[in-house]
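Single-letter residue listing:
2 protein chains.
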Amino acid sequence: MKVFLECLPCLLRQVLDATKTATDDADLRNTIMTEALEMLRGYGSFPNAPTVARGMQRLIKAHTGNADPYAAIKQSDLALALRLLPDVRQQVESRDDSLYWALKAAATGNLLDCAAGTRFDAERFTAEFETLFAVCDDAAFRERLQTAQTLLVIGDNAGETVFDGLLLSQFPHLRRTYAVRSAPAINDATAADALASGLDAYADILPTGCDAPGVLLSECSETFLERFYASDIVISKGQGNLETLSDCPREIFFLLKAKCPAVAGLLGVDLYAYVFRHREYRPDKA
Amino acid sequence: MKVFLECLPCLLRQVLDATKTATDDADLRNTIMTEALEMLRGYGSFPNAPTVARGMQRLIKAHTGNADPYAAIKQSDLALALRLLPDVRQQVESRDDSLYWALKAAATGNLLDCAAGTRFDAERFTAEFETLFAVCDDAAFRERLQTAQTLLVIGDNAGETVFDGLLLSQFPHLRRTYAVRSAPAINDATAADALASGLDAYADILPTGCDAPGVLLSECSETFLERFYASDIVISKGQGNLETLSDCPREIFFLLKAKCPAVAGLLGVDLYAYVFRHREYRPDKA
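From first to last, the protein sequence lines stand for chains A and B. Just so we're aligned, residue 1028 is where the first sequence starts under my numbering, counting upward by one. Just so we're aligned, residue 1028 is where the second sequence starts under my numbering, counting upward by one.
If we strip away everything but chain A, and leave its shape as in the complex, we get (with noise of 0.2 Å):
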């Protein structure tokens, strides 16, 4: 998925946010979103948005050392989102369809984004998580469930991974793995979040071996390689995956909150609407 030109100022947006944070200095500042906006003037060459955010994070990186500049606001969201768990597990497995409820809990979870400028609480979780799905092809999801043994959950932010492992435990007999990546992005989940959520109960924790906030299927490692395309169910969350993924060759489960006008143009929803969208894949008819 290009870059498209509602992306620029957001792009922009994300690197002040993680440039004052990274540093106090203000020449230093000045540097990197002088930098930044040199970058972003040759957004054409980028395939995608993610590989964007993934150059300015290396500038970041460059200039003051810090390659982590989310880290506090990682460790302050995962901690919500632990508080939050025991009453949203209650109430995913109170309701008649918990499957439903399971993939609108790690749906909602979405919202715990701090790079897309969205605030979070416990109240607004609560609200949210009632909201229905604008799309949710859940019956293609269940049809898949009954013959699967293998499920890949592709990751996107620390916090939200909370609630990626209640649906995780929605299918023990399945071999699940939880996919993240490899080096801090942005305010994406990495293998360390991913074990502080306590998802090594519910799968394997794999790096992609990419480091951008999305996949980029030719920078990541065989192993993930393998098991992506291996997978008899691939759930995607977020809209870095979906911005990097939505072209690729094989079918996905796409898990997330549009949180932008390009993204929820493109799905053909409304602006913050949740989705579960089935894309299809058949190589024969390509």
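Just to be clear, a hint being listed does not mean it is correct.
A pair counts as met if it fits within one copy or between any two copies, since identical chains are not told apart.
Claimed, not checked - Result set (EDC-like, lysine to aspartate or glutamate): computed pairs, CA atoms no more than 16 Å apart in a straight line: (1) Lys1088 with Asp1052; (2) Lys1029 with Glu1278; (3) Lys1029 with Asp1054; (4) Lys1088 with Asp1148.
Because the hints were derived from the structure by calculation, they are not lab data.
Starting from the known structure of chain A, arrange chain B on it as the hints suggest.
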């Protein structure tokens, strides 16, 4: 007031909105955004954000021939404000302190600002009208009114103008001037917008001589400068005028809603606060 780092994403969003309104041609949009990013990269060489915004507007005009991308939005904001006016006037006139509420109506009008990305409807106006000023230097203003013979109000956005008329109408004993941009500048009011708001019933309508979304004194006409320095009271509306007049050599009353963190921080108020700030000027103590 310099270009803050926080201005950069906002300026980029602004030029994107204007570009999308001005042309449907994808190539042209890309050309404009690339050149806008190049201009933005040199933000350190601009004296203030309104000057950057003006440069971007010139880019759009040069590439599309459209000098007024916000024309339709301005008309719509004007129409909405005119519909609200009778009720707001009744509110102002029925309250004990009509002067305070006339100032507050004019400040609340500063909501009508698509350039700042704020949304607006009748319900929101009514709710925000009841929000008190966080800073209100009305004592100094009332003192000046006791001896003043002339008042200059420097307008900001089209639509907001309508409520400025309500403020102007409070001072029938003063010779009143309402200053406007000399040519379209984002959604700012021009002479045509002031006339459409009925301001000629209360004041001389005077273009500043400048087409930036602010007042660049070095570009203003002699007629305006004479009025600016000679008026007993000057009220400056909105952020763009504050950004360009914050260091000018005369006393000013700044009347606005603080719609961005940079301006709120500078004024020492919370984001979105309403402010009526007396800025004194004593050249002998400079």
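Each hint, compared with the structure:
1. Lys1088 with Asp1052: The answer is within: 14 Å in one copy meets 16 Å, while 37 Å across copies does not.
2. Lys1029 with Glu1278: neither (20 Å within a copy, 51 Å between copies)
3. Lys1029 with Asp1054: between (32 Å within a copy, 15 Å between copies)
4. Lys1088 with Asp1148: neither (29 Å within a copy, 44 Å between copies)
Violation of the numbered hints given earlier is confined to hints 2, 4; the remaining hints are satisfied by the structure.
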